[in-house]
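Asker: Can you make the complete structure from the sequences, with help from the hints?
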Amino acid sequence: MRPDARAWFQHRTTSATGLAEIDVPALLAAKRRGAHRVSVVLPARNESATVGGLVRDLVARWVEEVPLVDEVVVMDSDSTDDTAALARAAGAHVVATADVLPALGSRPGKGEALWKSLAATTGDLVVFMDSDLLNDVSHYVPGLLGPLLADPRVSYVKGCYTRPLAVDGQVRAAGGGRVTELTARPLLNALWPELAGFVQPLGGEYAGRRSALEQVPFVSGYGVEVGLLVDLLQVCGLPGLAQVDLGTRVHSHQSDEALGAMAGQIVSTVLARAARGSSDRHRSTPGGLLTQFTHDGAGFVPSSTPVAVDQRPPMVTVREYVERLAS
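Residues in the sequence shown are numbered from 1 upward in steps of one, following the numbering used here.
By construction, these hints were calculated from the structure, which means they are not laboratory data.
The reader is advised that the hints may include incorrect statements.
[To be verified] Listed next, with one range per pair, are the computed distances between beta-carbon atoms:
#	residue 1	residue 2	range
1	HIS295	VAL322	48 to 58 Å
2	PRO302	ALA60	46 to 56 Å
3	GLY237	VAL322	21 to 31 Å
For glycine and all other residues, C-beta sits at the position ideal for the given N, C-alpha and C.
Answerer: What follows is the structure in structure tokens.
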């Protein structure tokens, strides 16, 4: 690891693997002292199996028992199941992604929900969490907020964790995050080696200051996490980034084919950022399609999936958003 990445890893990585490690009264005092408002955002599409329990726990612990969070918002991306109803019944403010900034239309993808959440929330500190988490994550919110409340120089905090992997009924203590290990990490180490200290660059749990998040574009699909990390490096510098060890993360797993499509979007996102400022645009511009193969018994059958980068601009450039903040 490069010396700058190693120094960052040693000084900007903290631990919050459980509530026992977190000084919640100190966080609450820091929140009040800084007059901060905290929004927790859960993007969701057809997550009826998990979203209700997650929201219920968040609201009970961090809104009602300890007023660390001011609003829990579920961004519902065209769910066809009971996701919206269950989240609302559990205490979340549910927002249909398509209803936010309607004049700008709506695009598919997690990143679209996260981008629009900036226009649907009011916190100056925003915590993002996936909606398919299966284990106890009650410490995630205070863990992610800790570095932001403790140090005004920190603008963005990534969660990191071990990720068990279930294969054929067998659970491995680690092994989840295959796209991270086979795609994102090698690319980041090659192109932005100062980011080599990030354990989970694609992790779905992170928090940031609105003042930073609104300055960067959001990739609409699965490239959103790696895009945010690279773009916020440019905005905040490495000292403005931090990570916190949250222990273990258990969630549902995708098929190899689905992981391949995710990896394709991540490669396109990384290459698009690597191409910025390049004089050889053709060589560094991603192709936009991922071709995969299945075998139907008679031969290989190709199928192609679009993986071109589709992204929204920095929110501070959106007139409707700026007007809302000014009103």
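Asker: Each hint needs a verdict: does it hold in this structure or not?
Answerer: Here's how the hints hold up against the structure:
no. : hint                        : in the structure
1   : HIS295 / VAL322: 48 to 58 Å : holds, 53 Å
2   : PRO302 / ALA60: 46 to 56 Å  : holds, 50 Å
3   : GLY237 / VAL322: 21 to 31 Å : holds, 25 Å
Every hint, counting from the list given before, is met by this structure.
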